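Construct all of the structure, not just a fragment, from the sequences and the given hints.
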Amino acid sequence: MTSFSRIVTRIALAVMILLVSACGGQPQSTSDDTAPVAQQTYKWKLVTSWPKNFPGLGRGPEVFAEMVQRMSNGRLQVKVYGAGELVPGFEVFDAVSQGTVQMGHAGSYYWKGKMPAAPIFSAIPFGMNSTEMNAWLHYGDGLKLWRELYQPFGVIPFAGGNTGVQMAGWFKKRIDTVDDLQGLKMRIPGLGGEVLEKVGGLPVALTGGEIFTALQTGAIDATEWVGPYNDVAFGLDKAAQYYYYSGWHEPATQLEFIVNEEAYNSLPDDLKAIVEVATRAVNQDMHNEYTARNFTAMQKLIDNPQIEVLPLPDDVMAALRVATEEVLAEESAADPMFAKIYKSYMKFYTGVKEYHRLSEQEYFKNR
-7 MTSFSRIVTR IALAVMILLV SACGGQPQST SDDTAPVAQQ TYKWKLVTSW
43 PKNFPGLGRG PEVFAEMVQR MSNGRLQVKV YGAGELVPGF EVFDAVSQGT
93 VQMGHAGSYY WKGKMPAAPI FSAIPFGMNS TEMNAWLHYG DGLKLWRELY
143 QPFGVIPFAG GNTGVQMAGW FKKRIDTVDD LQGLKMRIPG LGGEVLEKVG
193 GLPVALTGGE IFTALQTGAI DATEWVGPYN DVAFGLDKAA QYYYYSGWHE
243 PATQLEFIVN EEAYNSLPDD LKAIVEVATR AVNQDMHNEY TARNFTAMQK
293 LIDNPQIEVL PLPDDVMAAL RVATEEVLAE ESAADPMFAK IYKSYMKFYT
343 GVKEYHRLSE QEYFKNR
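Mapping of the sequence shown onto my numbering: residues -7 to 359, in sequence order.
Note that these hints are calculated values from the structure, not bench results.
Note that the coordinates shown come from a computational prediction; the quantities given were computed from them, not determined experimentally.
If a hint is listed, it holds; no wrong ones were tucked in.
Calculated pairs, DSS-like style, for lysine-lysine (alpha carbon to alpha carbon, straight line, at most 27 Å):
id: 1; residue 1: LYS104; residue 2: LYS335
id: 2; residue 1: LYS230; residue 2: LYS164
id: 3; residue 1: LYS190; residue 2: LYS335
id: 4; residue 1: LYS44; residue 2: LYS104
What follows is the structure, encoded as structure tokens:
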């Protein structure tokens, strides 16, 4: 064989190998030693802060598990547990951090005792709406800062749904002035609870499954939960008469998927990508569901003669806004990480709010 022929043969062989590799195949062999190795199957547990299969909040993790199962062809299987089935709703973060389970679904404001800045990633009173919040997370510094905050705990957060603007809540008595908030025992988490306390109320921490009984028995005087869709599902309209809007405390409640860092890093790259894509899809899907379901549920409440749907008075909203500014200033002064994240949040909020004043607000005014 000439030198030229040898070169041609080598080139042809190289091209054949590249083509086989590009097609994901391997050269055929009759040897049993080269039989393809079965890909590993991963089985994860996902715990939540919500009742199993609860509309909206509880449906999101189920949709996630189904998507992952299908996209991975069964290589990553996720079993979802409702609050209390494996761990209590307020212990989801610890279970994921400790590696007891691989994933969780909850709201970041439940972890304020561990990280004062955590509630920023759920809701800031009078802050960004759902569109703005998702833009900050995915196209601003939000997600990067969120992961920086959780990293010492070995936990990776992903955006996991948004309820949109929530309602101000259910009250067993009318709220006509700020004085009516004095001594009011209300289930309200996060920064909203601190603001309520600032104006004289008494915030109470309860998981979703505890709310109805507490309100019905008078253990609390009022509660916020989510919005008409979920509130009616919990039967809160059977426990209180007055339903107030708007949701000053949670203008866009961001939910989270949290993943144990070691478990995530053990996945091959394609399964990591599937987790990322599925969380992003559920994040949007949940918001779509709330938008579709809330307005029909609200109309039923408006038509119910036993329920009064009312706006919070202007002086009450003004007092809550002032108290919000005080709480945020105090939190920023007390915790450097809170100050760092809040600075990023406000920089983004200031810009997007002005744009939406000229676009969204003008459109709402004229449509």
